[in-house]
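2 protein chains.
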Amino acid sequence: MTIREEVKKMKLEAPVLAASSADIRSAALLLIKENLEKHAAEIFTENGKDLAKAAETGVPAAIVKRLKFDEKKLQDVAAGLVQLAALPDPLGKKTLSRELDTGFVLTRVTCPIGVIGVIFEARPDALVQISSLCIKSGNCAVLKGGKETTYTNRILFTIIRDSVIAAGLPEHSLLQAEQHQEIDELLECDDCVDLLIPRGSNAFVRYIMDHTRIPVMGHADGICHIYVDAAADPEKAIPVILDAKTQYTAACNAVETLLVNRKIAPEFLPRLDAALKEAGVKLRGTKEVTDMIGGETITDDVFPEYLDLIVSVKLVDTVQEAVLHINRFGSHHTDAILTEDADIAAYFMQMVDSAGVYHNCSTRFADGFRYGFGAEVGISTSKLHARGPVGLEGLVTYKYLLTGHGEVVGDFASGKRSFHFKDL
Amino acid sequence: MTIREEVKKMKLEAPVLAASSADIRSAALLLIKENLEKHAAEIFTENGKDLAKAAETGVPAAIVKRLKFDEKKLQDVAAGLVQLAALPDPLGKKTLSRELDTGFVLTRVTCPIGVIGVIFEARPDALVQISSLCIKSGNCAVLKGGKETTYTNRILFTIIRDSVIAAGLPEHSLLQAEQHQEIDELLECDDCVDLLIPRGSNAFVRYIMDHTRIPVMGHADGICHIYVDAAADPEKAIPVILDAKTQYTAACNAVETLLVNRKIAPEFLPRLDAALKEAGVKLRGTKEVTDMIGGETITDDVFPEYLDLIVSVKLVDTVQEAVLHINRFGSHHTDAILTEDADIAAYFMQMVDSAGVYHNCSTRFADGFRYGFGAEVGISTSKLHARGPVGLEGLVTYKYLLTGHGEVVGDFASGKRSFHFKDL
Chain L
1 MTIREEVKKM KLEAPVLAAS SADIRSAALL LIKENLEKHA AEIFTENGKD LAKAAETGVP
61 AAIVKRLKFD EKKLQDVAAG LVQLAALPDP LGKKTLSREL DTGFVLTRVT CPIGVIGVIF
121 EARPDALVQI SSLCIKSGNC AVLKGGKETT YTNRILFTII RDSVIAAGLP EHSLLQAEQH
181 QEIDELLECD DCVDLLIPRG SNAFVRYIMD HTRIPVMGHA DGICHIYVDA AADPEKAIPV
241 ILDAKTQYTA ACNAVETLLV NRKIAPEFLP RLDAALKEAG VKLRGTKEVT DMIGGETITD
301 DVFPEYLDLI VSVKLVDTVQ EAVLHINRFG SHHTDAILTE DADIAAYFMQ MVDSAGVYHN
361 CSTRFADGFR YGFGAEVGIS TSKLHARGPV GLEGLVTYKY LLTGHGEVVG DFASGKRSFH
421 FKDL
Chain U
1 MTIREEVKKM KLEAPVLAAS SADIRSAALL LIKENLEKHA AEIFTENGKD LAKAAETGVP
61 AAIVKRLKFD EKKLQDVAAG LVQLAALPDP LGKKTLSREL DTGFVLTRVT CPIGVIGVIF
121 EARPDALVQI SSLCIKSGNC AVLKGGKETT YTNRILFTII RDSVIAAGLP EHSLLQAEQH
181 QEIDELLECD DCVDLLIPRG SNAFVRYIMD HTRIPVMGHA DGICHIYVDA AADPEKAIPV
241 ILDAKTQYTA ACNAVETLLV NRKIAPEFLP RLDAALKEAG VKLRGTKEVT DMIGGETITD
301 DVFPEYLDLI VSVKLVDTVQ EAVLHINRFG SHHTDAILTE DADIAAYFMQ MVDSAGVYHN
361 CSTRFADGFR YGFGAEVGIS TSKLHARGPV GLEGLVTYKY LLTGHGEVVG DFASGKRSFH
421 FKDL
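Those protein sequence lines, which keep their order, are chains L and U.
In terms of my numbering, the first sequence has 82 at position 82, counting the first letter as 1, and numbering is strictly consecutive.
In terms of my numbering, the second sequence has 420 at position 420, counting the first letter as 1, and numbering is strictly consecutive.
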């Protein structure tokens, strides 16, 4: 069966999944956990096949770490499933209840988005996280994972889908796509798919956006900044910068550009330079920075996303100049100020136009788990719908329900009746 | 100056408008009202030029009604401005406040989207409504109205912009585009414009969506349904159907397709037919409908948006069949059930996947003013961000603010510290 035919069936069953009780959806998550644990040995065997193939083809060690699905990863996803099952139901919440006129009541209730396509990197734990977030939020999901974990994805998906059906949810709640060409097929399904969430490189997300009419939620890049103010405490600043740069360099919330106030530069830059060198981080500075401490000189208008142990450094005179730089060169992802001056911090928090604006802490905190969302399907740099880490709340929409007794607009237009708008 | 240059300036000033106090933004609305009233005579003179041109070029009477900006329209927009000024500030609302660990606090606050482009039909009152909604919500706006009201738009825009500046808001808060080619220029500004709201025909909205990378909020069409259940009360059903079809035929929330339960068809269809004929509505039915009551016969798979005094009629056996038809052929705008059976109504409300799902009332209630939002910038059939009539709430996004004392992710990853997630 083609993806299109499968997704059409899914679309028809989406309202049934949407109407399922919170108890059944949570029970499905616990059943997934149970069955993953029961089939642990088989999962590890299949994962072994992926790892063997990775070794054959010379995949770098950093990537292999992501492909691996071992006892520790199984424990993590199991704990995540239990946590997610225990979270309150995101569906059917009344967010507005208003009497328009006597006995004529408007209600706004949360409901699932419908059918969501998620295209993600080769990480087996991501498959479990994403599918469980979709089930908890009552959304049907088409899942396409990285090809480097084909064997692991296949067994995980089978266990998850079987558990979901066994728990009493619709047969077509979940679908796995395995072939790369199926992505292009999925992009054409704008009458059946309500949302696409692509995870991966900038170029990939851009490709998806340019080749579909389906709404896309994804971040295109993460050029995060830290502004070291004149009133920064260097004892806090150095560890925060090191964490933001080195704790996980490949992450979109790693810092890429440091803006340092000119007043403290002569004192701060040498300390920063020493700390970065010790951590193996290469510094690229504008001319006045490298005049002071050496390093590679860069021009004043290109500040890239490195995703590596490299950082750009530029000097600014004021917090205003820092904000202008960030709003112009940043990607509206996550940006931080380090300062002990509360007024300057408040200005920065108000004026920076990013999904996350931080004071005196690492940009690496931008993450659904660290925000207490249980898990995330991604981090959005779009300003519409969900912004920042996207958990359950980002996977729901709402509808307006209006209940009357034969009301017609003509009566309100003629003045025979009138609205009184009483919030209930 | 080109649109691109103007919009770039706007983008830089957007954070300043976003940071302005609610008092100043509300005062600006009241100043707009005052100045519109003060310059009423000049506005009517300019509107006269548009009306004269419309008469010359033979614009139909129904359209001329929309172009007209007279004392009554002025009173309406003035009342709207007062109402909007009095609404609570949509900005700076804390929607989440959570301590991640001791003294380490995450807050989510509402903020404006930024720069919004609105392209709307030739209706001078729409210009006032849209610009005032944007100002109240702290958004910069690029406004492009229909060319048939060029003179009226120009004077209204000048009064509005001058009032906004006089109230103390940034100079580049509002911009008017007058030339059609400026729309294409605007579509290219994906680095400065955060959202486009096109209002108009299906084809026009589709054109915008297909020619820009800027997120678009708009409805593509409005094929609204009314399902007349076996348990419907004909005394309510006939007036509701007439209102939904005839109260304003050109509106997207007018009904286009009636689904009638087979059990009551023999009794109900003749009454319906008589009522529609009396109201001048042409009925187009599937073969079994026209076999019963005559009229033009249609095939079972094309149910268009007429925006005219025409309605499609089809028979169904059950509420389930009605729901399947609506979810398949509808546009997820607004759909209603007429029934006295509470269980059947509940099923319909749950299962229909539309922005508005109504019980025993006219589809014409789908409107920001009638929902008590003060006004609307449009009605969205997208499921992301805002769904249904879009008022102030649909014009804001949020950002996450995180305030710490030197926190690094490394400490949480190593287990030295741990999250406790306390909602404050």
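There could be a bad hint or two in this list.
Identical copies go unnamed one by one, so any copy, or any two together, can satisfy a pair.
Restricting the straight-line Cα-Cα distance to at most 25 Å, the calculated cross-link-like pairs of lysine to any residue (SDA-like) are [claimed, not checked]: (1) 38 to 297; (2) 9 to 185; (3) 93 to 393; (4) 236 to 414.
Calculated from the structure, these hints are not laboratory results.
Quiz item: Quick one: residue 9 to residue 185, C-alpha cut-off 25 Å, is that within a copy, between copies, both, or neither?
Solution: within (15 Å within a copy, 41 Å between copies)
Quiz item: Should residue 93 paired with residue 393 be assigned to within, between, both, or neither, using CA atoms and 25 Å as the limit?
Solution: both (11 Å within a copy, 17 Å between copies)
Quiz item: Between copies, within a copy, both or neither: which fits residue 236 and residue 414 at Cα up to 25 Å?
Solution: Answer is between; shortest inter-copy Cα gap is 18 Å, intra-copy 67 Å.
Quiz item: How would you label the pair residue 38, residue 297 (within, between, both, or neither) given a Cα cut-off of 25 Å?
Solution: Neither, since 56 Å and 60 Å both go past 25 Å.
The structure is inconsistent with hint 1 alone, although it conforms to all the rest.
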